[in-house]
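Protein chains in written order, with the UniProt record's numbering: chain A, 1 to 167; chain B, 1 to 167.
There's no promise every hint is true.
One copy or any two copies: either way a pair holds, since identical chains are not told apart in the list.
[Stated by the list, open to error] Pairs of lysine-lysine residues, derived as PhoX-like cross-links and limited to a Cα-Cα distance of at most 25 Å, are as follows:
| # | residue 1 | residue 2 |
| --- | --- | --- |
| 1 | 114 | 97 |
| 2 | 114 | 25 |
| 3 | 25 | 82 |
| 4 | 82 | 114 |
Derived by calculation from the structure, the hints in this document are not laboratory data.
2 protein chains.
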Amino acid sequence: MNAARLDGFLGDRDTWRATHCSIGKAMDVVGTRSAILILREAYYGTTRFDDFVQRVGVTEAVAAARLRELTAEGLFERRPYKEPGQRTRFEYVLTEKGRDLLPAVLALMQWGDKYLQGSRGAPIGLRDDATGQPVRVEVRSPDREVPLTELRLTPNFTEEQARRSLP
Amino acid sequence: MNAARLDGFLGDRDTWRATHCSIGKAMDVVGTRSAILILREAYYGTTRFDDFVQRVGVTEAVAAARLRELTAEGLFERRPYKEPGQRTRFEYVLTEKGRDLLPAVLALMQWGDKYLQGSRGAPIGLRDDATGQPVRVEVRSPDREVPLTELRLTPNFTEEQARRSLP
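Bound-form chain A, shown alone (with noise of 0.2 Å):
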């Protein structure tokens, strides 16, 4: 199995440590199963507290630190509402930071159904609305779908920097 082709300086992963990895800070926002299943459930129209915490099954405890931690990261607004003889609650709509991962949760959701449905196949189904066709995470160039043998990584660093762990 053959890795990407690291360019440059990158192919002597002594000189350099991912340090600054959008992929580690990713992770540290949104790193966990409860996170990631509360931003499904955004996916799905959820907005409110009690359906998070029911449909994620997971503890108020956790979904109300799921969700305040989601939202000080930006990927949720908190937006007041108010329901007739009730006091004033907040729902949390997601923002477009928060709708932007949602490449990352449906490629997850693409290897799930491939890998770890067994015989039961893919419970969702994904579409594109405007012309009913199927859709897929791709990792593409412009012109091709580029197979995962074929990606090559090239550094936006210097040595130096890469030395000094920097950016």
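For this one, chain A is given, so just place chain B on it according to the hints.
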């Protein structure tokens, strides 16, 4: 911020729950920061235990636990190797199942590049090794990149199965 359009009985979220969700199953397997960072290093070409420990920056116990789990789940294969004068040791080589998680990891990277790097920008660039063109993770139907607001979810299970929490 619109959510996905939900087809059929999915529209009434009281009638179903995502009990066999591929996203949840995927997070059961790779839902920790250290698992994702070990996979990242494997995509960079790392195979040896000591390299994983050093490059991910985790303890030996954490690296051993994650590699054991990911191997048990079939994302890595253990292969013996022997250096002159040393005892036989094992390296960890990505399987196709492991490599197929790469789109999800790259989607996390793309999101982190966009939202979490500040003015620093993306540390690592991603190119098509055959053409040199830039590579992106896209949510696509055959003919176009699908805007995230134009996704439609369809159930591959019946309303009755949903009530019984199946599939």
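Hints, one by one, checked against the model:
no.	hint	in the structure
1	114 - 97	between (27 Å within a copy, 9 Å between copies)
2	114 - 25	between (27 Å within a copy, 11 Å between copies)
3	25 - 82	neither (36 Å within a copy, 36 Å between copies)
4	82 - 114	neither (43 Å within a copy, 35 Å between copies)
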